[in-house]
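> Model the full structure from these sequences, guided by the hints.
2 protein chains.
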Amino acid sequence: MEVYLLFSGGKDSSLAAFILKKLGYNVTLININFGVLDSYKLAEETAKILGFKFKVINLDLDILEKAINILIKYGYPGPAINYIHKNVLEILSDKYKILADGIRRDDKVPKLSYSEIQSLEMRKNIQYISPLLGFGYKTLRYLTNKYFIIEEIESGTKITSDYEAEIRALLKERDINPNNYFPKHKQTRIVGVKEWGV
Amino acid sequence: MEVYLLFSGGKDSSLAAFILKKLGYNVTLININFGVLDSYKLAEETAKILGFKFKVINLDLDILEKAINILIKYGYPGPAINYIHKNVLEILSDKYKILADGIRRDDKVPKLSYSEIQSLEMRKNIQYISPLLGFGYKTLRYLTNKYFIIEEIESGTKITSDYEAEIRALLKERDINPNNYFPKHKQTRIVGVKEWGV
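As given, the protein sequences belong to chains A and B, one line each in that order.
So in my numbering, the last spot in the first sequence is 204, and the numbers never skip.
So in my numbering, the last spot in the second sequence is 204, and the numbers never skip.
Simulated from the structure, these hints should not be mistaken for laboratory data.
There could be a bad hint or two in this list.
[Claimed, not checked] The calculated EDC-like cross-link candidates involving lysine to aspartate or glutamate, where the alpha carbons are at most 16 Å apart (straight line), are: (1) K27/A with E201/B; (2) K28/B with E201/A; (3) K144/A with E127/B.
What follows is the structure, encoded as structure tokens:
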């Protein structure tokens, strides 16, 4: 069974990929690109390290522009990130029958409500899987440290492969300082696999 | 790392056990017994089929009696099942550092709210994992049919290893018809493993 997993190259989506593989799925990692910059590079490199198929999906810049309006309206990134994620799932679900992401129990955004998930699955006749949704941060820290060699990235210092990267680039194009909207936080990338027994 | 998984012998907790094993945990399956009847037998048998360690934990009948009061008050099983599950997790978390269960995304009960999970983990300094929380019923049907040979049981026709079995028995002892409180539903047990590659 084919599953398409939204993948940023970070430790969570990498663990999600491994779990799906362990469950016997044929996993393709997907990174979303809005044409602002080649932000998929890091995810592509990580997919190679992990040994998964990788695909960039190019979506309309309009989604990112609307997200930026939302970001500016609210003043913090949550609603804008959610807006992008929901649009991405809506669009991908017209093409792929089983979608997955690396959303964790303790994530605030992006996150779909239970009704939104049900609506998506029923309207589009798809399956949506979040393999990490039942795992808390302590458990995930243990598992990702056990399996992966992780590099921490201070947000905004390197081009990561998440939605934030292209939002930041588009803000800069408009002479807006992204740090006014994104609080400093750590991002991660996988630089190696310690053990797994795949 | 040791994990203790609440286990009924059904397809969901069986799949949860397999996922945890695949993640490298040393899994012990646990069935709760309140001393009303030997309802752990089916879970014990299933644990053997799956090849996992199995343990019965005897808890105070008082919990079950309070649950029955709740059942009679509400007239439907949800709140009573939730009451038992929360008490079980509270008690086990004094003894075990990593607890898990087979709760699914589409389950209504038993289910802890996000705040209840956070509270449990922080107060008791434990990890609580629900490996199936990010999986919908279609995905779980596919996975459990792929891995397990499943037998369906009409509720109340056979002694299952879930909380319902002892509630039913205690109601009968009090000359109350359990079918007044439990709507007819299907339960499952695993009778064999098809493939897995463990």
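> All hints are to be evaluated individually against the structure, with a verdict given for each.
Hint check results:
1. Distance hint between K27/A and E201/B is fulfilled; the C-alpha atoms sit about 15 Å from each other, no more than 16 Å.
2. For the hint pairing K28/B with E201/A, the CA-to-CA distance comes to about 13 Å; that is within 16 Å, so the pair holds.
3. Between K144/A and E127/B, the direct Cα distance comes to roughly 10 Å. Compliance with the 16 Å bound is thereby established for this hinted pair.
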